[in-house]
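Quick mapping for you: the protein sequence lines, in order, are chains A and B. The numbering used here numbers the first residue of the first sequence as 1267 and each following residue consecutively. The numbering used here numbers the first residue of the second sequence as 165 and each following residue consecutively.
Just so you know, not all the hints are guaranteed correct.
[Stated by the list, open to error] Example chain A residues on the side facing chain B (calculated, C-beta under 7 Å, incomplete):
1. 1299
2. 1385
3. 1387
4. 1390
5. 1391
6. 1394
7. 1395
8. 1405
9. 1413
10. 1415
11. 1438
12. 1449
13. 1450
14. 1479
15. 1485
16. 1487
[Said to hold, decoys possible] Beyond 12 Å from chain B on every Cβ pair, some chain A residues (computed):
17. 1334
18. 1351
19. 1365
20. 1367
21. 1374
22. 1378
23. 1422
24. 1426
25. 1447
26. 1455
27. 1457
28. 1489
29. 1542
These are calculated hints, taken from the structure and not from any lab test. Glycine is no exception: its CB is placed at the ideal position from the N, C-alpha and C atoms.
Letter by letter, the chains look like this.
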Amino acid sequence: MAMRGEQTAVRDGLSRDVGTTGRAGIAARTLRSDRWWRYPLATVTVLLCFIGYASYAALANRDYYADPYLSPFYSPCLAKGCGAVPGSRWAPHLGWFGTWWIITPAVIILIFPLGFRLTCYYYRKAYYRSWWRSPAACAVPERHQNYSGEARFPLVIHFVHRYFFYAAVVFNVVLTWDAIIAFDWGGRFGMGLGTLVLLVNAVLLWLYTLSCHACRHAVGGRINHFSHHRIRYRFWTVVSKLNPYHGVFAWASLVWVGLSDGYVRLVASGTIHDPRFF
Amino acid sequence: MTPDRSVSTELSLHVWRGDADSGGFVDYAVPVDKGEVVLDTVLRLQATQAGDLAVRWNCKAGKCGSCSAEINGMPKLMCMTRLSTLPAGPVTITPLRTFPVIRDLVTDVSANYRKAQEIPAFTPPAGPVPDGYRMDQADVGRSQEFRTCIECWLCQDVCHVIRDHEDNKAAYSGPRFFIRHAELDMHPLDSLDRRGLIHGQGGLGLCNVTKCCTEVCPAGIKITDNAIIPMKERAIDQRYDPLRLLMRRWRHRPGREERPDAH
């Protein structure tokens, strides 16, 4: 046990700031004793898993349609080649890219959800902390010598988030339609486990998109006189209630969209049988 | 595992003592009672073992923002940190690491007050206001959250933009003043367009929205979500969004009317 006022700890060497800025000379980079590394570690792990799976699923170019389920990674299918590969027979397509598009049609559309998430304010926090470690956690110093944040190119390009938000709304409409037609079993109303999977996928994507900060700004955040814009104020209030859960929706929708593709893939390849509820 | 500090016991305190020239950690064993906060322990230490310990405090109720320090490496108010919430083992207390130390746990936070002086005050429109100054709750709701700031400077302390990069201090207002900018910019009767100010002089672009300011705020202000990100979006309206730039040029209204969207 330490005696009264006894200086048992070795006096720390002065940090590089002392003498120039007058900060307390504390050598330890951080004195946090909790497990602050859990968040960046979990973030890196989940993102790496998703990037790995999504790359495989997008490049596989097969097993993405099992009537009436279309994988969200391939929807909307824009090339005429959709339906011509194994595990995709009769897949609906818009045909905008004709027959000349011969590689996987997933790459045409994945750029939009990818861009939306890459520029999302929540994901920015997640990957700045986990990949850039700028900072890895609060009060844990970063190791970069210079820092310009989002003030310069290329990170200033994040302003395009609002355009990706509008694109995400369009994609949500398409994926909601996919969930609706998943009730169509050859002209009869029915429901299988895949219908439920696609339905949950659409709901989570809407929650993630509508809780977005760019959405909050667009519906009313840029207004100062809310009392003069009652309807927009109502919209802003609703989005503001969703907004604190934006991070939760971000992870849930990311994981679920991967699971949705995985489920359709397993059914389309004949690995599992889709249980029918009615 | 959280220790059982619900009964009287003895706590091992690891306190940084020193000034700008030299300093280091000193270990103390201090008796504590159930339900106490860190500040109780520090004041008992000062009263019984270290009479020369410098510590700044005032209200002991989380309202004055005086007793800011770093407890086990995290910026916190000493008066609002219950011992029972800390993990087992010694408790480490240091002064705020972003600001110059004066002595022991007291730092010189005057740079923040100089930053405050750089922000133009509320600027009402010239002449009489049509509806007077009666305000609708819908118009002041957002600003009211920002008015709960107690200026403890924990958000300024934890912000890595200046904590890890001393050279950014001159060009960066910091989270506390971003909410001040936001409070005024969102005010229906403020006639200044503050978007250029917060982006230029305030250095808003340096913030990478990692939300540490929000995590440490003892007033529970959602600094990043409710002030910084909305101001980033407003700055984008003004500076970067090509469609809005075209729209503004097309409407072409002078002065305050350049942002009809805000009204």
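The hints, checked one at a time:
no.	hint	in the structure
1	1299	holds, 5 Å
2	1385	violated, 11 Å
3	1387	holds, 5 Å
4	1390	holds, 6 Å
5	1391	holds, 5 Å
6	1394	holds, 5 Å
7	1395	holds, 6 Å
8	1405	holds, 6 Å
9	1413	holds, 5 Å
10	1415	holds, 4 Å
11	1438	violated, 21 Å
12	1449	violated, 37 Å
13	1450	violated, 38 Å
14	1479	holds, 5 Å
15	1485	violated, 12 Å
16	1487	holds, 5 Å
17	1334	holds, 38 Å
18	1351	holds, 39 Å
19	1365	holds, 35 Å
20	1367	holds, 29 Å
21	1374	holds, 24 Å
22	1378	holds, 18 Å
23	1422	violated, 7 Å
24	1426	violated, 9 Å
25	1447	holds, 33 Å
26	1455	holds, 42 Å
27	1457	holds, 38 Å
28	1489	violated, 6 Å
29	1542	holds, 43 Å
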